[in-house]
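Could you slot chain Y onto chain A? The hints should help.
Chains as they are written, first to last, in numbering that gives the first Met the number 0: chain A, 0 to 284; chain Y, 0 to 271.
Derived from the structure by calculation, the hints contain no laboratory data. All values reported here derive from a predicted model rather than from experimental measurement. The beta-carbon is built from N, C-alpha and C at its ideal position, and this holds for glycine as well. Each hint should be verified, as a subset may be incorrect.
Claimed, not checked - For each label pair, taking beta carbons as the anchor points, the in silico distance ranges come out as: (1) A:H129 to Y:F3: 28 to 34 Å; (2) Y:D28 to A:I9: 25 to 31 Å; (3) Y:M94 to A:Q167: 29 to 35 Å; (4) Y:S218 to A:F185: 44 to 50 Å; (5) A:N230 to Y:L6: 35 to 41 Å.
Residues per chain, in single letters:
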Amino acid sequence: MRHFLNPLKIFVALGCLSAVLSVLVLLGFLIQSSLPFWQAFGIQVLWGDAWYPYESLFGFLPAIVGTVWALLIAMIIALPCGLAAAIVSSEMMSETWRDLVRVGMEILAGIPSVVYGLIGLWVLLPFLQHSLDLLTGHNLLAAGMILSLMILPTIMVMSQDALQAISQEQRESAMSLGLDWQQRLFRVLLPQAWPGIRSGILLALGRALGETMAVMLVVGSMDRLPEPFYNILEPAQTLTSRIGREMGEASFGSLHFSALMGCGLILAVMAMGLSLLAQRRSLIR
Amino acid sequence: MKWFLMLLALPAFLFPLASLVYILSHAWDSLSWSLIFGAEESSSMIEAGQGLWPQIIGSLWLMLWACILALPVAISLALFHALYASRPQQRGLMMILQLLQGIPPIVYGLCGLIVLVHLLHWGISLAAGGVILAVIVLPLLTSNMIHALERIPAEQTESAKSLGLSPVQIIGRVWVPLVWSGFLTGLLLAMARALSETAPILFTATVFSGVDWPDSMLSPVTSLQTHIFYLAQEGSDAHAVGVAWASAVILLMLILCFSLLALALRRLEEKV
Numbered sequence: 000m001r002h003f004l005n006p007l008k009i010f011v012a013l014g015c016l017s018a019v020l021s022v023l024v025l026l027g028f029l030i031q032s033s034l035p036f037w038q039a040f041g042i043q044v045l046w047g048d049a050w051y052p053y054e055s056l057f058g059f060l061p062a063i064v065g066t067v068w069a070l071l072i073a074m075i076i077a078l079p080c081g082l083a084a085a086i087v088s089s090e091m092m093s094e095t096w097r098d099l100v101r102v103g104m105e106i107l108a109g110i111p112s113v114v115y116g117l118i119g120l121w122v123l124l125p126f127l128q129h130s131l132d133l134l135t136g137h138n139l140l141a142a143g144m145i146l147s148l149m150i151l152p153t154i155m156v157m158s159q160d161a162l163q164a165i166s167q168e169q170r171e172s173a174m175s176l177g178l179d180w181q182q183r184l185f186r187v188l189l190p191q192a193w194p195g196i197r198s199g200i201l202l203a204l205g206r207a208l209g210e211t212m213a214v215m216l217v218v219g220s221m222d223r224l225p226e227p228f229y230n231i232l233e234p235a236q237t238l239t240s241r242i243g244r245e246m247g248e249a250s251f252g253s254l255h256f257s258a259l260m261g262c263g264l265i266l267a268v269m270a271m272g273l274s275l276l277a278q279r280r281s282l283i284r
Numbered sequence: 000m001k002w003f004l005m006l007l008a009l010p011a012f013l014f015p016l017a018s019l020v021y022i023l024s025h026a027w028d029s030l031s032w033s034l035i036f037g038a039e040e041s042s043s044m045i046e047a048g049q050g051l052w053p054q055i056i057g058s059l060w061l062m063l064w065a066c067i068l069a070l071p072v073a074i075s076l077a078l079f080h081a082l083y084a085s086r087p088q089q090r091g092l093m094m095i096l097q098l099l100q101g102i103p104p105i106v107y108g109l110c111g112l113i114v115l116v117h118l119l120h121w122g123i124s125l126a127a128g129g130v131i132l133a134v135i136v137l138p139l140l141t142s143n144m145i146h147a148l149e150r151i152p153a154e155q156t157e158s159a160k161s162l163g164l165s166p167v168q169i170i171g172r173v174w175v176p177l178v179w180s181g182f183l184t185g186l187l188l189a190m191a192r193a194l195s196e197t198a199p200i201l202f203t204a205t206v207f208s209g210v211d212w213p214d215s216m217l218s219p220v221t222s223l224q225t226h227i228f229y230l231a232q233e234g235s236d237a238h239a240v241g242v243a244w245a246s247a248v249i250l251l252m253l254i255l256c257f258s259l260l261a262l263a264l265r266r267l268e269e270k271v
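The shape of chain A in the complex, shown without the other chains (with noise of 0.2 Å):
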């Protein structure tokens, strides 16, 4: 039986080394080339204002602020509308449509971020253009706009999971208590699916974070703070846009390129943060 169990034990710790190994390699690089720039700079080009790479002026204000705008914009378009969909769709209707709705939205979440990006390009900017009446269409809110196109499937599913996974005796007790339609949903339905809705909201951010090709079509790619800064009307920059639009002309070992890292490098710390909240509230549970 020994002769038996080896080579399985022999297949699994290569596995687990190989993937272990291939993690830590791709993130210490990753690490490790961003340092000479961090080195250079210092911490406060986190909060300087100017990006000119060519002129060795580093500031990340820009872009941090970009893709915050465009994260918050996202979340007030998609959550109102993800959750009602999620409590319209698990509360108010029959099971066959239930499921047709929710295989219309894994379906969803499946389009790539580079076909929103077309529609991006192709609809949405026309018609921002048009209608707000503007110089050029590329701006804050059309990524905003996009990315909660994109993130609508993930807060709508994590939600209606979560509120289909309140028992029936809940529901039954809050019907014999005498509460409306109204009071359920408020004080039984949505405080306990809370934590579900939550973590639900913490993905939806965290993938909206790092999508670049639809924000990249759409965000215009222009380096500078909004003015003044709520003026979401502008070309303005995000964190994954300045790495997607400048990889190509960074060349390796310059500090552009150790830049770029470091932008990654926040990106990536950023991403675990909220990961490591949506999990938090999981682990407890």
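Positioned in the frame of chain A, the structure of chain Y alone reads:
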């Protein structure tokens, strides 16, 4: 209140549907056999005159390599989780997997660019793209497989053990018949994911044109995903716009093949 909620939910149902219909209707006009397999008269404006066949092949190659590389690693991680890991180790593994899944794909693309393209001197190549995509789909694939293994009733394993079966025999005779559909679902979802990733292969694996068939692992490929992106950059040229929509719909069809099959399998599994 109900009406208000319905009103609020309406855009969530309508807009995604509308955009899907829009893509399909637009692509329908420009989709034709000559577009895919190449036409005799090549339009000199865009080099896409030779058809989208190389792009389709390139996308599928990348997907195939990603899955070939990720599959054994994912299986061994799942087996580690099921056979050898203690409770805290299991929890730690799941946490790390979710953490890795949260990291944006473009960050993996950056890592691959440094390590594979520059430090290992693979250059912009099929191999680099395949490895990066493999790392990207690995967490998804592994957690799907772990969940599939967890669904095995403990009694089945216990009774197999009490019959004196060795671990290899348990896996081969008891687990494989029970979990193959779950594994296949996970694999199909991973394939769909590998096909839809664009950003990480943009600088590591693909070029715009000039490649019909990758001659070796170290030569660049073209792929549908990046082709759409490059064409979108071209802007106003009507032909480019048409080709971009057509590529988008071909890509969508490929992805739907895999993800719908996965959904159908999962449904079948839940019924049994």
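Between S218 of chain Y and F185 of chain A, is the Cβ distance one that fits in 44 to 50 Å? For F185 of chain A against S218 of chain Y, whose Cβ atoms are near 60 Å apart, the range 44 to 50 Å is violated.
Is it true that N230 of chain A and L6 of chain Y lie within 35 to 41 Å of each other by Cβ? Violated, since N230 of chain A and L6 of chain Y (Cβ atoms, about 30 Å apart) do not stay within the stated range.
Would you say the C-beta atoms of M94 of chain Y and Q167 of chain A sit inside 29 to 35 Å of each other? This hint holds: roughly 32 Å between Cβ atoms.
If I claimed the Cβ atoms of H129 of chain A and F3 of chain Y lie 28 to 34 Å apart, would that claim hold in this structure? Since H129 of chain A and F3 of chain Y have Cβ atoms about 30 Å apart, the given range 28 to 34 Å holds.
Range agreement (Cβ of I9 of chain A with Cβ of D28 of chain Y, hint 25 to 31 Å): For D28 of chain Y and I9 of chain A the Cβ distance comes to about 56 Å; the hint is violated.
Hint check: violations occur at hints 2, 4 and 5; the rest are consistent with the structure.
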